[in-house]
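**Q** Add chains B and C to chain A, keeping to what the hints say.
Chains as they are written, first to last, in this note's numbering: chain A, 21 to 389; chain B, 33 to 407; chain C, 826 to 1068.
Please keep in mind that the hints were generated in silico from the structure rather than gathered at the bench.
Be aware that one or more of the hints could be misleading.
[To be verified] Calculated lysine-lysine pairs in the DSS-like style (CA-CA distance at most 30 Å, straight line):
hint : chain 1 : residue 1 : chain 2 : residue 2
1    : A       : K385      : A       : K30
2    : B       : K51       : B       : K139
3    : B       : K51       : B       : K77
4    : A       : K107      : B       : K142
5    : B       : K77       : B       : K197
6    : B       : K51       : A       : K385
7    : B       : K404      : C       : K913
8    : A       : K30       : A       : K382
9    : A       : K161      : B       : K77
10   : B       : K51       : C       : K969
11   : C       : K913      : B       : K51
12   : C       : K969      : C       : K938
13   : C       : K913      : B       : K239
14   : B       : K239      : C       : K969
15   : B       : K51       : B       : K239
16   : B       : K142      : A       : K161
[What the hints assert, rightly or not] Calculated Cβ distances over 12 Å to all of chain B for the following chain A residues:
hint : residue
17   : M21
18   : Q23
19   : V24
20   : L25
21   : E31
22   : D73
23   : Y74
24   : H76
25   : A236
26   : I261
27   : S274
28   : V277
29   : V284
30   : M307
31   : R383
32   : K385
[To be verified] Just so you have them, the derived chain B footprint on chain C, three or more residues with Cβ under 8 Å:
hint : segment
33   : 844 to 850
34   : 899 to 906
35   : 916 to 923
Glycine included, each C-beta is placed from N, C-alpha and C at the ideal position.
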Amino acid sequence: MRQVLAIARKEVMHILRDPRSLIVAILMPLMMVLLYGYAIDMELRNLPVAVLDYDHTPASRDLVERMTSSNFIVNAGYIGNRAEIEKGFRRSHFRAGLVIPDGYGRDLARGMDTDIQIVIDGADAATAQAVENYLSAVIAKINRDLLQSRFGDRAQIPVEARTRIFFNPELRSPSFVVPGLTAVIMIMICALLTSIAVTREKETGTLEQILTAPIASYQVMVGKVVPYMLIAAIDTALVLIVGRLVFHVPMEGSWWVLAGYSLVYLFISLAFGLLISAISKTQQVAMLMALLITMLPSLILSGFVFSIASMPRVLQWIAHLVPATYYLRVIRGIMLAGRSWFPFEGGVMLLMAAGFMTLAVKRFKSRLD
Amino acid sequence: MHTILYLIQKEFRQILRNKFMLRLILIAPIMQTLVLGHALNTDLKNVKLAVADLDHSRASRELVSSFFASDLFRPAKVSATPGDIEQIMVRDDADMVLWIPEHFGRKIAKGENAVVGIYVNGTNSSLAGLATGYASAILRRQNETIRRQRLDANPRMAAAVFEVKPVSRFIYNPELETRYYMIPGVVVLIVTIISGMLSGMAIVREKEIGTLEQLLVTPITPLQLIAGKTIPFAIISFLDIGLVTVFGILYFRLPFAGSVFLLSGATLLYLLVTLGVGLLASTVSQTQQQSMFTVWFIMIFAILTSGFFFAIENMPPVVRAMTLVNPLRYFLSVVRGVFLKDITPMDAMPDLVPLAVIGVIVFGAAVARFRKRVA
Amino acid sequence: MNGNGWAVEARELTRRFGDFTAVDRVSFQVRQGEIFGFLGANGAGKTTAIRMLCGLLAPSGGEAWVDGIPILTQPERVKLRIGYMSQKFSLYDDLFVLENLEFYGGIYGLSRKQIVQRSGEMLERFGLADYARSLTADLPLGYKQRLALGCAALHHPGVLFLDEPTSGVDPIARRRFWEMIYDLAESGTTVFVTTHYMDEAEYCSRVSIMVDGRIAALDSPEKLKAAQAASSMQDVFVNLVNR
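Pulled out of the complex, with its shape left as it was, chain A reads as follows (with noise of 0.2 Å):
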């Protein structure tokens, strides 16, 4: 106990005295998650779309104000002619063309059927398929206004939803992105911070002077990974408390249970992070390593922005086998939905968290040995 205190104690005096990769330590997760807080939002609004008009009636114009009603499209102007909309897609002007026939609005006072063509470009495929369902919704309702006051009662719409949100009811961005976040950020973070610790000491083959001392690695990289969980810690603390008061983010559970699973997350990053640089030749290597072992898997295999049911089989495989995964369940469970027992991720990361201890425990010995 008191070997692990003097290597924690030497870590300590290390890390004060490089002030630099501290103030990064601990600024750039505050300033990501108020940027990104704030800057993200999944929402779809304020879309452009463009009018070719070749009615000019109060029918036409009448489309165009439903079209622009809500914030979910806004007009992006008025164009001439076709070859106009190709070239606004190119330009990425507008994400859609509306084409108002001519006889637009006689067609409908007539009570004739009418075309209206909706090009979209399809290029940024989830928008698209949006802008469509918005506009089919729009024009659906004019077809319901058209019938209703034709036959009144009798054209009602055969099945109505009432819509319910629970968790977050107004779908703030800032509660879908600070949890994930936390979680993408803490693991960068242990990451570099283990390989500062590692890499110095190999760097000046103080390690195996370490080692000849009377004391066990695993003694050795016990001391070494409290102080950096002391400062991933405040880091995390930091990043949920700015989300929590800058950000309103809910927190319908216990701040104990929170920091307990956290707790664990944080000891699976910074082992992780000593896996990689136990098996890293190179500084270089152990950094690039760690940028694309764990930021990338974290952001994109996490299910924090992409759905992991909608990827094929082997990526969920592989998805399973991120920690962030099942800490983003448990943050966004017990933030959102004020939930405190999670046996089955509780139990994947703690055994996550003996693993990778273990596997870089071993890592470190024979590379020494």
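**A** This is chains B and C only, laid out in the frame that chain A set:
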């Protein structure tokens, strides 16, 4: 001039002999494209839908099967009862619950209006939004079907009914593959990481092992040194873009509508920026580690606000203004344009010009700083 | 070569770092073809002085000429005429021996023919022929040392600056190394070498001893020993430092 060639030769010899480096340059990009190409799918599939059907009529069953007709929704392992809807979602047994009340079928048959409940787990707001949208679309189609049925039963009314028919056409990416939108982003990501990291480490590494001093004693000018260090990485970056593009086209059937020429030109401008950033980081760092930190820091910010993962249009005005100086944003726009739309250089101008300006400024600053430190 | 004909000349050369003076108004002249030893304890200012003479560091005061070219105003021209070997040897570990030579030859503007020819000569002369295609990292320290010298001398510089070239190398290798230095000096190269091994002082034509940034003595080893009534350069040095 031929001094630079010797520098480049040395650099390539070192790289080719470094197994890790080779794997990083040749294999990692392909692996990344492979994984990300599959993972970056904003299409929603397999949303867990639990059903509470209190009616059990033909109409309600039709409604339920219309939801499960595609792979958008799949049945949750539990069925819901109105009392425990919230619990089901808390336990993560379902993402969404469809609640069909009693007498649903009767009301539909009578030509009346019926209400169903859709409950969504809002924890993942993007999933929630999309899922709700899909649900609405399915309902709309069901409504259409029911209305047709009603009209068929009432020909006189059918004759009097008229409607506006939307005809949709998708240009560019008519199959609506979301990965076609994402993979160009992966290309950008790979180029950024490789060129930024490599150049960030390159000069500092020489500083660390002491060869930088040795080089400074020789008649090499700082400019030659910079050229000798950045040109190899530019070449490698081009190689990687080519590799990933070909792989994307062959494996993912990625379209490539535009001009190779335009892509190359944009890449060149973009490399000015990334290599410049790496060079700058080198000049303010003593160790490779510090240099990497700095490059990382900048890169992560740039990547997340580039419009790759999160749309720039959705960002608040202040942040959107910040992205105006984000070179990734412009490069990504050009790359996406080249792959998906057949953009011409004229179309790309609004992106190429800022990119060029940023490139010249950053690289210029890096060179100036390097010279100052060295001379 | 300027009118005076000195290979290296320093006049009141000074370098300050904040309020610490590393090199304090140092003056000396080195003849062509001399092996000039620049001795002193660690921290005496030797490395700083040599770096100034190589154009790596700007002097705070005074001036110096190498091969008649002033380092203050034309450091670029100076670099063409000199060779430098640093304490760290500064070789690329991941290149072959031959590739290191090729690289430095190319950097100094030698033609392909010259590079091939001189590399071959250098490898023979320094006993590295068998290692031409070995990875530099795999060489024993003594051989790396020779390679570093070879790279520094490949372009036939007028003056060779060697900064602690024998640090950490065993005595036999050191001896061999000095034989190579003699070899080079005989071909007309002026060798300016710093070291903290006093026994190596005996190998030099003339020696200067730096103490705390100033030159405490400058003469041939024999004359210095006679003046101090000392039997070895070691004693000479200790006397001077303790004074």
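**Q** Run the C-beta distances from A:Y74 to all of chain B and say if the shortest one exceeds 12 Å.
**A** holds, 15 Å
**Q** Taken at face value, is the distance from the CA of A:K385 to the CA of B:K51 at most 30 Å?
**A** holds, 24 Å
**Q** Quick one: work out the minimum CB distance from A:K385 to chain B and report holds if it exceeds 12 Å, violated otherwise.
**A** holds, 23 Å
**Q** Taking 12 Å as the cut and beta carbons as the points, is A:S274 off the interface with chain B?
**A** holds, 14 Å
**Q** For A:K385 and A:K30, compute the direct alpha-carbon distance and say whether it is at most 30 Å.
**A** holds, 21 Å
**Q** Per the stated criterion, does the least C-beta distance between A:R383 and chain B lie above 12 Å, as a non-interface residue requires?
**A** holds, 17 Å
**Q** Is the nearest Cβ of chain B still more than 12 Å from the Cβ of A:H76?
**A** Non-interface label stands for A:H76: nearest chain B Cβ at 17 Å, farther than 12 Å.
**Q** Is it correct that the beta-carbon of A:A236 has no partner in chain B closer than or equal to 12 Å?
**A** Nearest chain B Cβ is 28 Å from A:A236, so the label holds.
**Q** For C:K913 and B:K239, compute the direct alpha-carbon distance and say whether it is at most 30 Å.
**A** holds, 11 Å
**Q** Taking the shortest Cβ-to-Cβ distance between A:E31 and chain B, state whether it exceeds 12 Å.
**A** holds, 16 Å
**Q** B:K239 and C:K969 were given as a pair; does the straight-line alpha-carbon distance stay at or below 30 Å?
**A** holds, 19 Å
**Q** Run the distance test for A:K161 versus B:K77: straight-line Cα separation, threshold 30 Å.
**A** Given pair A:K161, B:K77 holds - Cα atoms ~27 Å apart, limit 30 Å.
Hint compliance for this structure: hints 2, 3, 4, 30 and 33 are broken, all remaining hints hold.
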